[in-house]
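Undergrad: Sequence:
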Amino acid sequence: MLEPKERARAEKILKILHQTYPDVTTALIHTNVFELSVAAILSAQQTDAGVNAVSGELFERYQNPQALAEANLDELDGMIGTISFHHAKARYLIGFGQGLVEKFGGKVPKTVEELTSLPGIGRKIAQVILGTGYGLATGIVVDTHVIRISYRLGLTENKQPLKIEKDLLPQIPQQDWIWFTHAIIWHGRAICTARLPQCSICPLNEVCPKKGVTQRK
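The number in this note's numbering is simply the position in the sequence shown, starting from 1, with 1 added.
The hints are simulated quantities; they were obtained by calculation from the structure and are not laboratory data.
Careful, some of the hints might be misleading.
Okay, the calculated beta carbon distance ranges per label pair [unchecked claim]:
(1) Q64 / E103: 41 to 49 Å
(2) I202 / E103: 46 to 54 Å
(3) K6 / L137: 27 to 35 Å
(4) K167 / F86: 24 to 32 Å
30 Å max Cα-Cα, derived DSSO-like pairs, lysine-lysine [claimed, not checked]:
(5) K104 / K6
(6) K108 / K16
(7) K212 / K164
(8) K160 / K104
(9) K164 / K125
(10) K108 / K13
Here the structure is a predicted model, which means the values were calculated and not measured.
Here a beta-carbon is modelled for each residue, glycine too, at the ideal position from N, C-alpha and C.
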């Protein structure tokens with residue numbers, strides 16, 4: 002149960018974020034849930050810009066799960082050669098396509114349990130797919146930006162993603178779960194960066210207990 006002061010503070014943070022980032026969504030370029038899923042698998046330990054640099058050609062070549070399932074491993078690997086861990090991700094993508102065809106009739110499933118049964122998809126990526134692709138708020142995606150900024154804002158003292166998510170869920174209304182992650186990611190890229198946060202221009206200054214911090218702790 003949140004204390005009244007904690008709830009009021011969280012509401013203030015959300016109000017400022019809504020004013021600053023009202024309509025944000027993922028930076029991963031995609032036109033459907035299948036493309037989002039492929040991009041999300043590639044995005045693990047890789048910048049969105051890096052994924053976007055290769056995804057256009059990838060989506061043109063493999064337009065559906067069947068095409069991806071039948072992909073030549075060496076050809077696919079070559080197409081994503083600039084992506085971190087591309088050898089493993091090429092195998093994941095083919096396995097993902099095969100799993101969609103064999104287990105789900107070529108459709109991207111709509112539950113965390115089903116998604117995480119597919120290669121290359123853990124809980125975080127599953128939440129990205131469900132939230133951004135289907136509008137299903139199953140939790141808060143905790144990436145490096147959310148880890149860093151939720152600590153700086155005093156929304157958590159934990160370090161582990163699952164514990165951080167547990168701390169955030171009662172403070173963020175469910176209708177904001179999907180948007181909140183995107184807002185924090187954009188804020189982390191634009192202002193509250195890891196090494197040199199731009200506190201002088203941060204709209205959250207009035208509610209931030211760690212103004213000027215240059216490390217997570």
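Undergrad: Each hint: holds or not?
TA: Status of each hint after checking the structure:
1. Against the hinted window of 41 to 49 Å, the Cβ-Cβ separation of Q64 and E103 comes to about 19 Å, which falls outside the hint.
2. The hinted range of 46 to 54 Å is satisfied by I202 and E103, whose Cβ atoms lie roughly 51 Å apart.
3. Checked against the hint of 27 to 35 Å, the pair K6 and L137 passes, with Cβ atoms roughly 32 Å apart.
4. A hinted range of 24 to 32 Å holds for the C-beta pair K167 and F86, which are about 28 Å apart.
5. The straight-line distance between the Cα atoms of K104 and K6 is roughly 48 Å, outside the 30 Å bound, and the hint therefore fails.
6. The hinted pair formed by K108 and K16 fails the criterion: a straight-line CA distance of about 37 Å is larger than 30 Å.
7. As the CA atoms of K212 and K164 are separated by approximately 24 Å, the hinted pair is consistent with the 30 Å bound.
8. For the hint linking K160 to K104, the alpha-carbon distance of about 36 Å lies beyond 30 Å, and the restraint is violated.
9. Our distance criterion of 30 Å between C-alpha atoms is met by K164 and K125, whose separation comes to about 13 Å.
10. Between K108 and K13 the alpha-carbon distance is near 40 Å, which puts this suggested pair outside the 30 Å criterion.
Consistency note: the structure conflicts with the earlier hints numbered 1, 5, 6, 8, 10.
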